[in-house]
Amino acid sequence: EDQVTQSPEALRLQEGESSSLNCSYTVSGLRGLFWYRQDPGKGPEFLFTLYSAGEEKEKERLKATLTKKESFLHITAPKPEDSATYLCAVPGAASKLTFGTGTRLQVTL
Amino acid sequence: DTGVSQDPRHKITKRGQNVTFRCDPISEHNRLYWYRQTLGQGPEFLTYFQNEAQLEKSRLLSDRFSAERPKGSFSTLEIQRTEQGDSAMYLCASSPKGGGNQPQHFGDGTRLSIL
Numbered sequence: 001e002d003q004v005t006q007s008p009e010a011l012r013l014q015e016g017e018s019s020s021l022n023c024s025y026t027v028s029g030l031r032g033l034f035w036y037r038q039d040p041g042k043g044p045e046f047l048f049t050l051y052s053a054g055e056e057k058e059k060e061r062l063k064a065t066l067t068k069k070e071s072f073l074h075i076t077a078p079k080p081e082d083s084a085t086y087l088c089a090v091p092g093a094a095s096k097l098t099f100g101t102g103t104r105l106q107v108t109l
Numbered sequence: 001d002t003g004v005s006q007d008p009r010h011k012i013t014k015r016g017q018n019v020t021f022r023c024d025p026i027s028e029h030n031r032l033y034w035y036r037q038t039l040g041q042g043p044e045f046l047t048y049f050q051n052e053a054q055l056e057k058s059r060l061l062s063d064r065f066s067a068e069r070p071k072g073s074f075s076t077l078e079i080q081r082t083e084q085g086d087s088a089m090y091l092c093a094s095s096p097k098g099g100g101n102q103p104q105h106f107g108d109g110t111r112l113s114i115l
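In order, the protein sequence lines correspond to chains E and V. Position one of the first sequence corresponds to residue 1 (my numbering), numbered consecutively onward. Position one of the second sequence corresponds to residue 1 (my numbering), numbered consecutively onward.
The hints are simulated quantities; they were obtained by calculation from the structure and are not laboratory data. No residue lacks a Cβ here, since even glycine has one placed at the ideal position from N, Cα and C. Be careful, since some hints might not be right.
[Said to hold, decoys possible] Calculated lysine to aspartate or glutamate pairs in the EDC-like style (CA-CA distance at most 20 Å, straight line): (1) E:63 x E:82; (2) V:57 x E:1; (3) E:42 x V:108; (4) E:42 x V:86.
[To be verified] A few chain V positions that, by computed beta-carbon distances, are all more than 10 Å from chain E: (5) 8; (6) 11; (7) 24; (8) 56; (9) 63; (10) 66; (11) 72; (12) 101; (13) 104; (14) 108.
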């Protein structure tokens, strides 16, 4: 059974203070790894897909990287509007996604 | 791209009542998924449609739950004889053809509260 573990559970940063979120996974065969952002009361918003170890994707202040066992979401010089829960997920059979429990990020002034 | 639409956004009902939720996927997407999310957890897979065919159901989906996708367009999720444990956010997602490496796009969910 696919498993996804995210750490830390919560992270508080000051504006401009860079950091990384971790997503460790155990799958029978990697079909990709997805990162989502979720704001309170909203559905997950798609950010990135990573397909193979060594791949990197960037969007504004976010950069996602992938190894054979884990993925990192690097946040460079975050702003308060980056505050959200960040979820990672892996697709399994029939494309159903297995999600981690997420990292709640709070960025303060 | 109008996105995935879910209705209603909120539903409050008494224990034992039946409820039905609707999901309208992105128009060109042939795959549709239902997930359930409780506070502090990631979404959990419930069921999956490719066009009108329901291809997989999670063990989480008890006999009180039923989902349909007539004509491969919108989908409905019905919960019969609701229980306190059914309180959650019910999320719908859709994706185009292409297998598991196509990202799923989510609606904003229906939040169900059981009194």
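The hints, checked one at a time:
1. E:63 x E:82: holds, 13 Å
2. V:57 x E:1: Holds, because 15 Å separates the two Cα atoms, which is no more than 20 Å.
3. E:42 x V:108: Roughly 5 Å separates the two Cα atoms, so the pair holds.
4. E:42 x V:86: Since the Cα atoms of residue 42 (chain E) and residue 86 (chain V) sit roughly 19 Å apart, the hinted pair holds (cutoff 20 Å).
5. 8: For residue 8 (chain V), whose nearest Cβ neighbour in chain E is about 14 Å away, the distance exceeds 10 Å, so it holds.
6. 11: Correct as stated: the minimum Cβ-Cβ distance to chain E is 14 Å, above 10 Å.
7. 24: Given that every Cβ of chain E is farther than 10 Å from that of residue 24 (chain V), nearest at about 13 Å, it holds.
8. 56: Check fails; 4 Å does not lie beyond 10 Å.
9. 63: holds, 20 Å
10. 66: holds, 18 Å
11. 72: Non-interface label stands for residue 72 (chain V): nearest chain E Cβ at 16 Å, farther than 10 Å.
12. 101: violated, 4 Å
13. 104: violated, 6 Å
14. 108: Not fine: 5 Å to the nearest Cβ puts residue 108 (chain V) too close to chain E.
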